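Colleague: Listed below, chain by chain, are the residues.
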Amino acid sequence: MPDETTAVATPPHLQLVNVWKRFGEAPKQTVAVRNVDLSIEPGAFVTLIGPSGCGKSTLFSMISGLLPPDSDGSLLLNGKVQQDGALLGKIAFMPQRDLLFPWRTVLDNATLALEVEGMPRRRARAKAEALFPEFGLGGFEQHYPHQLSGGMRQRVALMRTFLFERDLILLDEPFGALDALTRSMMQRWLLDIWAKHRRTVLFITHDIDEAIFLGDKVVVMTARPGTIKCEEAITLPRPRDLGVVTTPEFMAVKKKLLAVVEEESLKTFAAASP
Amino acid sequence: MNARALARSPVASVVYVAAAWLVLVPLFKVQPRYLPPLPVVLADGLSVWPDLVAGFWRTLVETVLGFLAGVVLGVGFGIAFSASRIMERAFLPIFVALQTVPVIAFGAIVVIWFGNTIMAKVVIALYLAFFPIAVNTLRGLELADPQRIALMKSFGASHLQLFLKLALPTALPNILIGMKLAVALSLAGAIVGEWFGDTVGLGVMLLQALYFEQIPRVWVLIIACGAMGTLLYGALVLLERRFVWWRTD
Ligand SMILES: Nc1ncnc2c1ncn2[C@@H]1O[C@H](COP(=O)(O)OP(=O)(O)OP(=O)(O)O)[C@@H](O)[C@H]1O
Ligand SMILES: [Mg+2]
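Protein sequence lines correspond, in order, to chains A and B. Just so we're aligned, residue 1 is where the first sequence starts under UniProt numbering, counting upward by one. Just so we're aligned, residue 1 is where the second sequence starts under UniProt numbering, counting upward by one.
Next up, chain B with everything else stripped away, as it sits in the complex (with noise of 0.2 Å):
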């Protein structure tokens, strides 16, 4: 890699927003109220090492899970909209619905059913990523080219090879799109789903410095997560990149 692709890299975009904390905020005399400084904050981090770590990877298995189970509801449900029509009719209109219920007020309900459990963060996570995975498996699924299909059709292909050979892989790109959104939303959810009560994860972190007013400790926070959503993000666009490079035309 040379100095110039270094340069536009997202490794390096890091490096510059740090390098304008480090020198901004002592040049601008901002208060630690509304931005303390790099160092303050990275020593705080550092204070508080094993239960980042440990927050961190709990909360990262919450949004995975949840995330995974979001992919194959939403995959799932996705397909049985685009092959029946009643399915949709019936059902797209509640998520629809569902969509629109505060995340807080579902989390609540969440926790009464299964508890302050992993599978409570799970289900809340879930609850955000399913629903746009869903609708874009549906549009990608209804991208197949009619004129494909007569083509397939002519090879005397069944419903099935008709699905797999052609359908799925048109829909691929726009379910990666999907997914791209919903790992955010999963990550969001399981934060959420920590406010209501546990002892580890980088939620109840936050909720604590909050109640304390640990300002750079909130910023360590935000950092962590900042960094668990590009981590995701970054996998699916590899994913993509490896395995779903076509656009459909």
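Excised from the complex, chain A in its bound form (with noise of 0.2 Å):
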């Protein structure tokens, strides 16, 4: 067995090498995504923060094998390397959208990767029920997604991410569109699921305080072409509560980061002026 001592140190869960995304051809070419190099610890709680257009959710796509990345780079997952498609289905992927089903009730939703998985209905049912009051939604099994407010359809949207039950989870700016109040009572919601269910999570927000309050390492994007700009260690001890947001350790790591985005978010602007 002359693998077994090189497999004893557990590799990332998943780490890109030099991916770039180029949209187009030579003269209107856009480049999305350059040379993206990432690794992710298992279990590890990721935020990923950057500009509006930056490639955040490029980057996504292609860690969740809907898109290919250009051929100069490489996505490994537990340390082998994954030809192109071969990511479709092993990663627990929930796009910047609900995306859910209308014609589906909010139970019928949430199992519909199970269905694609082909566990029978009746056994993908009495998983996703016994799921319910934790993701706050008991009693509303049998609405429709017409019927739910803003928050609801997100966490029917979660559930039916977690329930999937992939040990790397794409979160892409999952409380975007929530208002302050609900999106800090479904941040703290968030964190005790996983530290229950204990996944990895890879995460996108615009808000920093989001990025710091829930990693645990924020990763900072360049305005497009996106790449890694730098990468911050989030040390505040878990569990973290709302108070964690007023400490002098919150503080600095937030000045630190909001130099940096800053930065980056006018470079934005500076491109799109002539």
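Calculated directly from the structure, the hints in this document are not laboratory data. No experiment lies behind these values; they were computed from the predicted model shown. Heads up, the beta-carbon is just placed ideally off N, CA and C, and yes, glycines get one too. Do not rely on the hints blindly, as some may be mistaken.
Below, a sample of chain B positions facing chain A; criterion: calculated Cβ distance under 8 Å [to be verified]:
(1) 68
(2) 69
(3) 108
(4) 148
(5) 150
(6) 153
(7) 154
(8) 160
(9) 169
(10) 230
(11) 233
(12) 246
Derived Cβ-Cβ restraints for the label pairs, each shown as a range [as the list claims (entries may be wrong)]:
(13) 118/A to 85/B: 27 to 37 Å
(14) 165/A to 87/B: 45 to 55 Å
(15) 242/B to 133/A: 47 to 57 Å
(16) 165/A to 4/B: 32 to 42 Å
(17) 91/B to 53/A: 49 to 59 Å
(18) 53/A to 142/B: 53 to 63 Å
(19) 239/B to 81/A: 50 to 60 Å
Below, in silico cross-link-like pairs of lysine-lysine (DSS-like), each with a Cα-Cα straight-line distance of 30 Å or less [claimed, not checked]:
(20) 217/A to 229/A
(21) 180/B to 127/A
(22) 90/A to 153/B
(23) 165/B to 90/A
(24) 255/A to 229/A
(25) 29/B to 217/A
(26) 267/A to 196/A
(27) 28/A to 90/A
(28) 28/A to 217/A
(29) 256/A to 217/A
(30) 256/A to 267/A
(31) 127/A to 165/B
(32) 153/B to 80/A
(33) 229/A to 90/A
(34) 196/A to 217/A
(35) 229/A to 254/A
(36) 267/A to 255/A
(37) 229/A to 256/A
(38) 180/B to 196/A
(39) 180/B to 165/B
(40) 80/A to 196/A
Could you use the hints to bring the two separately framed chains together as a complex?
Modeller: Okay, structure coming up:
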């Protein structure tokens, strides 16, 4: 067993090596993502922040296998290089919009991924039903999406993602459309869920407070063409509650990140105006 | 149901039209050639009641069979068109051209093929019903949201799963629009089919009434056809409300 020794050191859960994504042909080419190197440890909660249009969603499309990265880079899952499309079905991906199916009840929306996997409907439903109280949706099993508030729809989409039991979860601005109060509740709730289920989470946000509050590590992207600007480890103790945002440690990190993000956002504006 | 809801229901509008007919025709002394009085029309209808019921039943069967066949073929071709550009390129122009052929000309050919059988009427009804269903099915299937497709793919969905769980439900409201257009057309098709010769059916009775200039009979048949069309359309609306109530956003 020659590779026993190499396997002992656990590889990063996800590793991006020199990942690029260009759209279109040479003269009118958009470089959405350039030279991204990133590695994420198993069980970590990593938040990704960057100006609008810097390629965050594009990065997620590549990680979930929907979009092949350009051939100069590679994606590794648990240390293994993934060919184009090989990641489809291996990663729990929650897109920016909730994308619930209007003709399905809340319960049937939640079990969508399980159905696709071929789990019998009865078992899938039983499994989802057990999660309803935890997701604050008890009693809404038989409602339809149009009968729910924005926050509830978002929780249904989250539940659908969680029920698709994969070790790596990608969340693209899950709370972007929520008001401040609901958002802060959902953040604490998400941390509880994460502490209980312990999956690896990669979380996109525009909000620096949210990035620091949730993350073990904050990754900042540059303006388009997006690449990694810097990574900041967040050592705030867990479990975190609301009070943490007013601590000096939090403030110090926030100040540092604000400066970096501001610089990049200004670049986006400068590029947009002649 | 309270009085106001009743006053706005479809039944009420039938009553309004009947009342207007009853009152206005004698009031303005309308010549029976243009519009006979309602009691005369009703009396004429009663005088041929058994024929009328038999004719109604026969035409209904032809219409429904032609419509159902049109649904099956229309949805089938709509799916085939959306699955394969080549199919669409090859067949859709032919179907469009066929649509411009007058139904009378097409009907003559069908009768030569099938004789004066019920099959001939069903085929003519099908011919008219098929096209709007195929076009609306194709359009509906193309409405499937690319982001939802991406989501399903990220779950590892197969082509069949994508079709059954996403594309088809997205298309259903449009398919129903096509069906609602088609049901009236299949009734027209069945009636035209009967004109090529038969002994039973509303179309047969209509042709005879025209030949003998029985004006009240013509009105009886207009009412009968209208009732059948409304009945079929209403059934589709109920079906839609019960099973296809969502809208594609
Ligand atoms: N399919 C595509 N074809 C061409 N260009 C694309 C495509 N997808 C994305 N882009 C471009 O890539 C860039 C990055 O887009 P992306 O959606 O990844 O940004 P983002 O960081 O998620 O932005 P936001 O924070 O606003 O959601 C944009 O300039 C966009 O126009
Ligand atoms: Mg985005």
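Colleague: Any of the earlier hints contradicted here, and which numbers?
Modeller: Hints 1, 2, 3, 8, 10, 11, 14, 15, 16, 17, 18, 21, 25, 26, 27, 28, 38 contradicted; others consistent.
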